[in-house]
Amino acid sequence: MAPVALVDCNNFYASCERAFNPKLEGKPIVVLSNNDGCVVARSNEVKALGIPMGEPWFKIEKEAKRHGIVAYSSNYALYGDMSARVMGLLGRFSPRQEIYSIDECFLGLEGFGTRDLTAYCQTIRQQVRQGTGIPVSVGIAATKTLAKLANHVAKKRPGYDGVCDFGRLTPGELNTLLDEIGVSEVWGVGRRIARRLEVMGITTVQQLRSADCRWIRQQFSVTLERTVSELNGIACIEIEEEAPNKQQIISSRSFGKPVETLQELSEAVCSYTTRAAEKLRSQESVAGSIGVYILTNSFKPQEPQYQRSQMVPLPTPTDDTRQLAQAALRGLKHIFKPGFRYKKAGIMLLGLEPKAHRPRTLFDDPAADSRSARLMQVMDVINTRMGQDTLKIAANGIERSWKMRRGMQSPRFTTDWNEIPNVRA
DNA sequence: ATCACGGTTTGCA
DNA sequence: CTAACGTGCAAACCGTGAT
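The opening position of the first sequence corresponds to residue 1 in my numbering, with each subsequent residue numbered one higher.
Simulated from the structure, these hints should not be mistaken for lab results.
The list that follows gives simulated cross-link-like pairs (lysine-lysine, BS3-like), each with its CA atoms no further than 30 angstroms apart:
| id | residue 1 | residue 2 |
| --- | --- | --- |
| 1 | K344 | K333 |
| 2 | K403 | K279 |
| 3 | K27 | K65 |
| 4 | K257 | K344 |
| 5 | K337 | K300 |
| 6 | K392 | K343 |
| 7 | K403 | K337 |
| 8 | K156 | K47 |
| 9 | K343 | K403 |
| 10 | K403 | K59 |
| 11 | K403 | K257 |
| 12 | K62 | K403 |
| 13 | K47 | K27 |
| 14 | K343 | K300 |
| 15 | K343 | K333 |
Sequences are here, hints too, so could you generate the full structure?
See below:
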């Protein structure tokens, strides 16, 4: 069985901020979620201070300032671009790469014969560090699930120096190691399942690994059964070089301030629909229906609460932003009730299918279809080249008073000349 | 009794 | 000064009506 490597960027968002600001080296830094809501990335210094992941910023801001923690609003333009650079470099080290998330990828390591995988992966680390400034760790094992654990070991245990190959351990050594790791570190075991396993007396990876497959299947699910097999070195999850098309596309966001008017909600819904439709077209699919939802702030139980959603079927499946937005706005009008302070809205595209397979009827208008396709193409090209929303439909609004807060964002160092300090294009 | 469905909940990252 | 708590996705689950 060919080994698999899982390459994961260390504290990715925090490392991106640091890569362009060397003064932050050794300093505790956090990156916040949209709206500067929760902590989504922490440097090692912050982890050492015991600040948990996902903590609402307002709860810890005072304490954080005392410790000299530097906070950043998330800067997805920067992180996305840095990710593309890291992934591009990593792709050169293997013929098979699965980009699993913004900061991790799997690499197939077949055909290396007896060569030293650990040394090879040290080279990978060094090259990525040199080429991008981002530190990465590498786990190597027979299956993706084990590679994830090996990566965890590479990160947490200093002796490994950022690379851990389970293939170099004897079965006995691996058993001992896995018995020291909590079951919740396993890929696919979250809080919920970890708790249930704990009640059954399974607390370590080694215990889960030696559990009976059929019993696991019956008590939990096929998914967890597969995980157990993978922990035993039986590959059930293949490296997927190309991402399968999405079955649904969601776009939702909390507002920067409470929103009360249908007008503002309409702008938000329209702009979310625009984002989702761009994704839809990029995978060359059409949507059969669109759902809209709005809700008030449940963290303020003293205020009147309201939440509702509405599905709107499209007359014929489409990828045209105008048709999708029109349908979404109809749905929104149907569920909108005045007198509430709305916190969040979202839309979802459902019933996705490849555009080429879309059923045609006698009443189709091929000329209109091709006009729509060309307009969407022009919009996509212009917006890709010149920036999001350079060209947009009017219902998006101009003011956008509802848009999210991001008070502490760093410059988009790699994608916008105008934001680089001391440079003006 | 079984299936397809749509909608909701659960779970993960 | 105040108020301030993410997003995206799939699988599992569940009730319903059709067969």
